Amino acid sequence: MAYSSEKTQEKRRGFLDPRTKLALVLVLALFVMGGLGGDMLKPVKTGLSALPFLLLLIERQWKRFARGIVMLAVGYGLLFIMPYLPGALNYIALLCGGILTRFVVTIVMGEYLISTTSVSEFISAMERLHMPQAITIPMSVMFRLFPTIGAEWKSIRRAMGMRGIYLSGTKAGQVLEYQMVPMITSSVRIGEELSASALTRGLGAPVKRTNICRIGCRVQDGLLLFLCLAVIAIWILELCGVTLW
Amino acid sequence: MVELKNVSFRYGNEETQVDNENCLRDVSLSVKTGEFVLLTGPSGCGKTTILRLINGLIPQFYPGEVIGDILIDGEETKDKELYDTALKVGTVFQNPRTQFYNVDTTGELAFGCENRGLSEKEIYTRIDKTVAHFHMEKLMDRSIFHLSDGEKQKIACASVDVSDPDIILLDEPSANLDYDATLLLREMIVQWKAAGKTIIAAEHRIAYLWDIIDRAVIMRDGRIVRELVGSEKDGLTPDELYSMGLRTTMTESPSDIQKDTFRKEDTPITLKKFRFSYRGKKQPIVNIPLLQLAEGEITAIVGANGAGKTSLLNCLCGLEKHCKGKLQYKGKNYGRKARRKLCFMVMQDTGNQLFTESVLDEVLISLPKNTVHEKEKALELLQSLDLSDYTDRHPQSLSGGQKQRLAIACALASGRKILLLDEPTSGLDYAHMQETSALLQKLRDMGTTILVVTHDSELIHACCGRSISL
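Line by line, the protein sequences are chains A and B.
Here numbering that gives the first Met the number 0 is used: position 178 in the first sequence is 177, and no number is missing along the way.
Here numbering that gives the first Met the number 0 is used: position 234 in the second sequence is 233, and no number is missing along the way.
Please keep in mind that the hints were generated in silico from the structure rather than gathered at the bench.
Keep in mind that a hint or two might mislead.
Said to hold, decoys possible - The calculated DSS-like cross-link candidates involving lysine-lysine, where the alpha carbons are at most 27 Å apart (straight line), are:
{"hint": "1", "chain 1": "A", "residue 1": "K62", "chain 2": "B", "residue 2": "K280"}
{"hint": "2", "chain 1": "B", "residue 1": "K323", "chain 2": "B", "residue 2": "K137"}
{"hint": "3", "chain 1": "B", "residue 1": "K77", "chain 2": "A", "residue 2": "K153"}
{"hint": "4", "chain 1": "A", "residue 1": "K207", "chain 2": "B", "residue 2": "K77"}
All values reported here derive from a predicted model rather than from experimental measurement.
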């Protein structure tokens, strides 16, 4: 059968719109990690905490799911055994448990955002949020440049190893300088070549750019965005002194 | 129709005068619609500069002083914005690693059209057409970083095709490609020609294009010295070619060149159990249970892009931790770490292996510790490699060939016995290729064993005594 880019783009479409993912990260960071709303919102927060794990399951990211669950279990385990531990250990357990239980959920959500969003999806989302080109273009160039410069860095490190120059002893400063010399030269060259190529293909034209990658709100996005709004609404009601339960 | 009328150009402005390389002196050239013109000549003759004038990168991106007119379909391009020129002119560049804006292949094909603001529907239709046309279904929806150089260059051509410009410029597109990939590139160009595109290519490797071009324009020192068409082009003798600084016009696959890998009378260097695979890949990229190489000879390593030639060099240098192979040299076994002091690799990006601020320092840090008269020794080495005029220059400011010689000087300074070179002649003209070949023979006569990964058939003919096909 003939190749159809439209169909494959549709197939590759993520379960959620990048904007929904961003909103979820924000809400989790504020309420679960930041502790906004205090104990009153506890049941809401527990519900929210389950979300990133559910999403990972839907996208079949088994490894990330397992890692998150284990971290969370360790956190709660520490808090559970904390009272039975002597002195300093007690304090350490409390600290680690506290940090893990608060942070893991949001970190898992962030991981979900990064691992399931392609660069073009992200840029497309940014464009739909009406971010100006002056912000989206440098951002997309950065995404492109990092892996390339990373590869360059690796090749320079290898070259040093081969020439018998190692990071050791008193000469660490000099070795760092040695690395920077080719690094800067090649980064400048790569940047220049990338820009030249992009410009000859019309980047920066004063027309509205299109983007072929498929994003956009669907039912699941609507539901989750509604949930985010609801959490914020409950919080505001609470601030106003309304007791919900 | 593309016209250059009495064009002169030099890079930089009066204060930041760069040098006279790559400048143009009173060039007039006219390319008819649908014509395929090849620009060729020695390095620095100005062929890339002409392409940059046509696609508008000069003077919009590379500043300089332009005299004369550059007209595309009668319109002056000098004063046009790059995005306007981009509607008519598409360019495929030399380096496949630095011409992609996206990280996935499909996005890359769409890029030019997205910038023009074409509708999504239209872009999809165009991509599907190009994909079917060039038979590249397998390359779609992949990460750019997981493609071979040949595949990347195919994507670069396809992305120009999706934008569908009338004029297509090719700036040494084959420099990093192996023989088979070059033939694929040729196929794509043939299709463009059939579709009536105007094509202008700047190339050193002219063999794969020679029989499909309409006209060859030969340049030297910023001037057009000769134009060849028809029987004149086909009847050119090798001596005439070489006198103009041109490469051969005969296509020959490096793996078809018959050379022994090892002869009975050779002193062996034995490789044992060299096996290496990339993380997460089951199929090993290097798999050599046993191989004998000839000590003190120049051996060519040939094979397609992705056959593991560069990986083998990495393993030989001891750069791959997971390769457990052993190398036997002069009756002694060398493990991974010991090989780091025995082998030296001149990499493709030679600039990445030069670290200091002067040519002399570069050699000094390579000499073993406690060398007596180290400065004299270093100078002597530089002299023998024709680098004594450059001792105070910054290594990064040297030309490609000079960087290569400096890296070799470092190898000799650190007393390495086996020299590995990764594509030392990619993108070199005839004279420079001959220089490299002469240098390798000189090193061989000094007792160095040399392994060259290459797809340059001319280099193999010029200096390699043995050959291995991977």
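Hint check:
As the CA atoms of A/K62 and B/K280 are separated by approximately 19 Å, the hinted pair is consistent with the 27 Å bound. Restraint check for B/K323 and B/K137: the C-alpha separation of about 34 Å exceeds 27 Å, so the hint is violated. At most 27 Å may separate the alpha-carbon atoms for a hinted pair to count; B/K77 and A/K153 exceed this at roughly 40 Å. In summary, the hint linking A/K207 to B/K77 is supported, as the alpha carbons are separated by about 25 Å, within the 27 Å threshold.
Checked against the numbered hints given earlier, this structure breaks hints 2, 3; the rest are met.
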